[in-house]
Each structure stands twice: as structure tokens, then as C-alpha cells.
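Required output: the full structure, derived from the provided sequences and hints.
There are 2 protein chains.
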Amino acid sequence: MATKIVVRGACMEAPRGVRGERGASPDSSHAVPDDRRDAPRRLAERRRWNSPVSALARSSSLPSAILIMLLAGMLLTGLVGCGQASRTSQQHQPSQLGQPSQLGQPSQLGQPGQPIAPIVDPLPSWRAGESKQAILEFVARATDEDGPDFVKPEDRIAVFDNDGTLWAEQPVYVQVVFAIDQVRATAAKHPEWRETEPYASILRGGEDVLRSMSGRQLVALATEVFGGMTTEEYRDAVTAWLSTARHPTTGLRYEEMVYQPMLEVLAHLRANGFRTYIVSGGGFEFVRPLAERVYGIPPEQVLGSIASLRLEQRDGVPILVKGTALEFLNDREAKAIAIERMIGRRPVLAFGNSDGDLAMLEWTSAGAGARLGVLIHHTDAIREWSYDRGSAIGTLDVGLDEAVERGWTVVDMARDWAEVYPIPPSTR
Amino acid sequence: MATKIVVRGACMEAPRGVRGERGASPDSSHAVPDDRRDAPRRLAERRRWNSPVSALARSSSLPSAILIMLLAGMLLTGLVGCGQASRTSQQHQPSQLGQPSQLGQPSQLGQPGQPIAPIVDPLPSWRAGESKQAILEFVARATDEDGPDFVKPEDRIAVFDNDGTLWAEQPVYVQVVFAIDQVRATAAKHPEWRETEPYASILRGGEDVLRSMSGRQLVALATEVFGGMTTEEYRDAVTAWLSTARHPTTGLRYEEMVYQPMLEVLAHLRANGFRTYIVSGGGFEFVRPLAERVYGIPPEQVLGSIASLRLEQRDGVPILVKGTALEFLNDREAKAIAIERMIGRRPVLAFGNSDGDLAMLEWTSAGAGARLGVLIHHTDAIREWSYDRGSAIGTLDVGLDEAVERGWTVVDMARDWAEVYPIPPSTR
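If you read the sequences in order, they're chains A and B.
Position one of the first sequence corresponds to residue -18 (our numbering), numbered consecutively onward.
Position one of the second sequence corresponds to residue -18 (our numbering), numbered consecutively onward.
Source of the hints: derived by calculation from the structure; they are not laboratory data.
All the given hints hold, so there is nothing to weed out.
Since the list gives no way to pick one copy over another, a pair counts as held whenever it fits inside one copy or between any two copies.
When the alpha-carbon atoms are kept at most 20 angstroms apart in a straight line, the in silico SDA-like pairs for lysine to any residue are as follows:
| id | residue 1 | residue 2 |
| --- | --- | --- |
| 1 | Lys170 | Gly208 |
| 2 | Lys133 | Pro280 |
| 3 | Lys133 | Glu273 |
| 4 | Lys170 | Ala181 |
| 5 | Lys170 | Gly209 |
| 6 | Lys133 | Glu118 |
| 7 | Lys133 | Asn253 |
| 8 | Lys133 | Arg326 |
| 9 | Lys170 | Gly186 |
The structure is reproduced here in C-alpha cells:
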């Protein structure tokens, strides 16, 4: 709960040569198409984060001291490059996470030479290129009252998948890891699990059983094991777990594995009057505590899979108790249906990363007027993971072909993102 | 679509004696506990609106000319009483409907004697009394940053039932009338209806069959007959029907049978930073077109019963097609569940009118801090309808007793409301 996430994107323009990658303005980043080979810290990162997808249960082995040194180095690089101190944002001010300065306007990008007015890049973690340009241009067109693609403020709805789009999803969805920890923690109360799959395998430590399960089965598992909790107990459990649990190979807390470039997109959209919604295949109750604190997205703008729920009276006080049944799996066609039911307006912008997001992108793109569909393509085996057509988690197969037909933007994570995760705090 | 709804509530303070009921400030309305016997127009209203609940299928018989004269008289009375012209609001500016002037503050109410600053009553259609006071005081306390009952802006969630709370529901829910009209209009395509109840009875003109149907059966009927329509076709059909269909006994369009006092409550809450949600037992797709235009409530803030929906591709374009199954009846306990799923915050204020709203009020009231639960009690057989414990539609039985235990405010429509419906336009 005390973690601070450093916010970048507020760097003022500085003379060339002094300016580093972190605080790069768009023109300077043009000159550095792939800077991952240059900096020593990149080598360190590569050594640290070259984690195979198969390392499902491997726990972090790097001593904390080395991690702190690395992080301090990263932070320092950022400060020097930026030419001024980075702003920090308290977690309890979620709307400031990744919030760029309001001084710059997208239309000023790529127009250097204004000697006084600062030029601010709202997407500093995005390298210059087609993807970044597509996002910035869409926002500029949608907010240009005199242009043909103007979108009225009430129609500025942007929808985002969560797993693999806003944060990492490998080697398995974070919510499933939470469920596995719950299975282990409450096994004593469930002797029947010793005889029932997938519980028996999980309790024996054999998590390979997860690989053979469908998305529906995984979400159903993550639903079932929390049946009987009140909604408040579940929310507290999620928050507590997220504050301590660490990814088995990166050693980061899961909240630290949100994508910095996407935090910047969320902030840039909101600064331009968009409402940002999450449309997740995960349970909405799991995503909400994270969404509000880290993404700055309020609970009513989180759509997800729906578990059964019942209202009970305990000592005359009504409480909501989670059931064990998965009532609505928010995946594929269901995402378009959930958008109709819970938002009631067709989005103008949709971000996804898997074939499970195609219906959402199709539904978004089929509306009249300017639309933007974006697929995050996981191409970065060094800093994150590389997977698409053959992956069990986050399969992106049909989407890669359909993107060409429909004119969707495909983000090449390795090429387009200068950073992947927010800089972890130096005080860890 | 061209209808204007006259907005009151912007009257400046005038000398006593000149001031009429319409523009009454709180202190003056104290002196007129029941003014329904006084004005000639009241007699006219009584003659016109003394409609028994049983007149289900009776159609309007009063000539339009008389209606126009009556309405013109009502408007004139309002203008004289107010001492200045009433503002009018275009339908396409829903947020202005019933919007009080921003000049007055609730805390100024009941403090006459300011010779220059105008005192504006945000609830001019409410007579002074406990109900009005409870609403005004709750809003004042919730927005008082220094007080013990301050509610943070993000937590200012107010939920409203629709049928019988925001508009009339007798002799049967408006959505069911819409469905009956659809049954008659499409009977030729459904020869099987001649042999199937309740269709056969409806087609023979025998609408008494509706009286024996449960709320679930009525909503299921209203769902089934629109199966196969796209969501856009359905929305257009609702909008077209609402623009022409008239209530069988009042002769008013249904949109004109929204409650003026409740429009003022919605506007007053929004002016004080509340978000207003509808939590209806009706289908959300039916309520949304009305809600946005008349209540100023956007589609994403309308929760209701949920029909099946499927995504289809037609000529490569995705469309959403309504199914015939009722998947979620948003009544009783389900209202609390829907609030958790779609809002994710516990409301601080809830308005309902029937036992179907009790779980919503209980869930709202059980939260920590200041809460307000309000039940609209239909006590006005002259201007609207009088019904409670024994009514098939809008049964209010347990709620009348529970309100005492839980400290909910029970609005006596005949006593507390100076007006029921907005003044219909003089240009009709």
C-alpha cells in the first residue's frame, strides 16, 4: 500500500545531447529505433527478465539488494535524461498515475522550434512510429471540433482488455494465481479437494494441470474457490494479496507489471475527455481494486466476468455473498454484449491483445465515424514475453490476419515500447 | 421529439401576497398545507384525472381542445405565480430538465430576509414538510465538507426505481403497454399466438389476463415479443412509440407522466455532485431512451432487467440481436446485486415505491455514514392513483412497516407534492 509509482511524461524540452531516452521528445526518439542494446542497465534487465514462459512456479532468486541497485540506476538514468526531477504520485491519487502534463497538445507534436512553450509528449514510453502516431492522431481528430472526425464528449468511450493489454498475463492470468494461493491456504477446510481435479494436482504442486484448462475453466476455478466470501471480504483479500504476492520469475509485485505505455494512453485519453473502461475476461470484482488504484479507473467502469451473488441477512444487516457459479464469461462475443448492457454506447476506441478481444474490436470498428482498434502484439521475449498464434494464454491468431483487413493498429511491443513496466520505486 | 417540457424552479423571491403557489418559497408554502381545494384549475384537474385503477383499456375521450385550454390555464397560473416567465428546456438538453438555478443553496432555505440575493427553492413542486426537509437536509449534510456526514464526490451515488417512482405505473407498467401494442402490430406474423396465452387473450382485447400475471411474467412477455430485433431497431421502436402512444385515461403521452417533483430531485442531486442511477425492474433497453431525454440520465447509468442478446455477423458487419429469454429480472434482492455488479459502490440515497425496492433501500441504508431511504407512497386518487398494500402493480406492504423501523422517509404524494406531472407544453 505504501508503494509509489514514478510517473514520467512531464519532462520539459531540453537541448539535444543532454536529453536522454527517458525524457526523449518525439524527434529524438526517431533517431533511436532500438536502444535496448546500448545502455548497461539494459543488459542487466535482459539478464534479469529473460524468463521463459515455462517457468510457471519458479520463484524469484535475485537478492533484493541487486534489485534495489538496478532500480536506483534506472531511476537515476531517468532523472538525468529528463533534466529535472521526476514527479511521483501517491497510490491514493490514481488519476495522476501516468498523467502527462496538461501543457502540451498532441497537435504540437513533431513541431519543434517553439522557443518558449514547452512541448510535452503525452506518450513518452512509446517510440515514434505508426502505432504511437495512430493513437495521437486519433485523439487529436476526435477532439477537433472543426474536423470531420469530431466525437462528442459523451461518446468518447474507450474500452480496454486487461490481461495482456494493461498488465502481464504470462505464464497464467494473475487472477488464477490468486485462486491457486487460495486453494493452498484453505485446503484444510476442503478435504474433498484431495480427490478432485484440478484441486488435487494443484495441491500436489503440479500446476501443469492449468495448461490443459480452457479460459472458461480457469475463470470458473477462480470463481469457485472464493464462494461464500462476502463481497467486502473478497475485495479486502484481493487488495491484501496484490500488495504482497510476487511474480514467480520477475519478482515484481503484480501491480508493478502494469504496462507504463498503457498507463500513458489511459491518462492521455482521460485528459482529452474520454472515459476509459476495462472490459476484462477476469472477474470484475478481482479487477476493480487494482483498476481504481493503479489505472485510475473507477469501479463502475470495470466490466468483467460475473459470478453468482446472493443477498443474505445477517443479524438484520444485508450482506452480499459470493456464490460458486460462473454466470457470465466476459470473453469473445460476450464482450460486445457486456458493452451494450453496461455502457449502452458503442466505443470509438478499443485496445485488446488476443482473439478473445476480436468481437470487442469488431463491434467498436463497425460504428459510424472515426474509430481506432489496437492490438498489443507480445513480441518482446527480452523485457516481457513473446507469444501469439500458438500460446495457450492470450492466443492471438485470427486477430493478426483480421487486423490487416480491418485496418487495426498492431503494436509491436519490442519495437514500439521504450519501456514496459513503470519504474519500481527506489525505496523498495 | 419536438415537445418542450416547462421547467420550474427558477422563480425569484417576490413580495408575499403576490407570490403564488407555483413560485412559493418554503415559508409561504408552509401556510398552504392543502391547496388542492382552492383553485378552479384544481377542480378541472380532478374532473379530468379521477381515473379508476380498473380502467385498463379505456381510451381518452376528452377532446384535445379542452385539454389545450386546461394546459394553457395551468401554464398561465404558473407564470403569474412565479412573477416571471418560466424557462423552457429543449429535449435535447436533458441535463437542464428540471434544473434549478445555481444561485440558491439548500442551506439558505428557510432564511428569508436577504433583501438582494435571490432565494431559490430547488424543489418548488414539493410542499414544505418532513419529506422535503429530509431530502434538502440530506443533500446539505452530504455536501458540507466540514460536517460529520460529508460524502466524498465519488461516493455520491443515488439510485432510483423507475415505475411508480419516476413516472406513473398504473394501470400497468408502460413497457407492458408497449409490448401489447407490439403483439397487436405483429400478430399476422405469429399465427401461433391465436392459440397461446396470454397472446390469445390480448388479441381478443381481453387485457384482464395481465392482472393474473406476476411481475416476472410481465417482463418476460415484454422481452419475448421483441426477440429478433437488433438493439438499434428496438431503440428506434421505443423512441417512436413513446413519441405517440398515450395513456388510456389521462390522454397524456407517457413521457408527460414523469413526476415533476422527482425531476427536481434528480436535478438538485446532480447540481450537488451526485450521480443519479435508475435501477428499474423494466428492461434497461426500454428505459434508456426515455432516461436520457427526459431524466437526463445517460445510458450507462440505467440498470434494469436483462434479456438475452447475441452478436451476429450480417454481411460482415457485427450486429446485436435481441433474444426472447429474460436472463435477469431486476427486482427485489436482484436490485442490490445489480448495483454491486454495475456500480460497485454502495449508494447513499435510494428512492423506491414498492416492496420490490426494499432490498435496494436496505442495502443503501446499511452502509456506514449518512444514508437516505425514501418511499413514494401513492396516496393521491385525484391527481394520480391511490394504492399500496393490495395493489397488483407496485405493491407497497412490507415497506410501509419497515420504513418506520428503519427511519426511511415516506412521501405522501397527495400531501407532499404540489404538482405531479410537468406542465405539458402550451403549443400542443
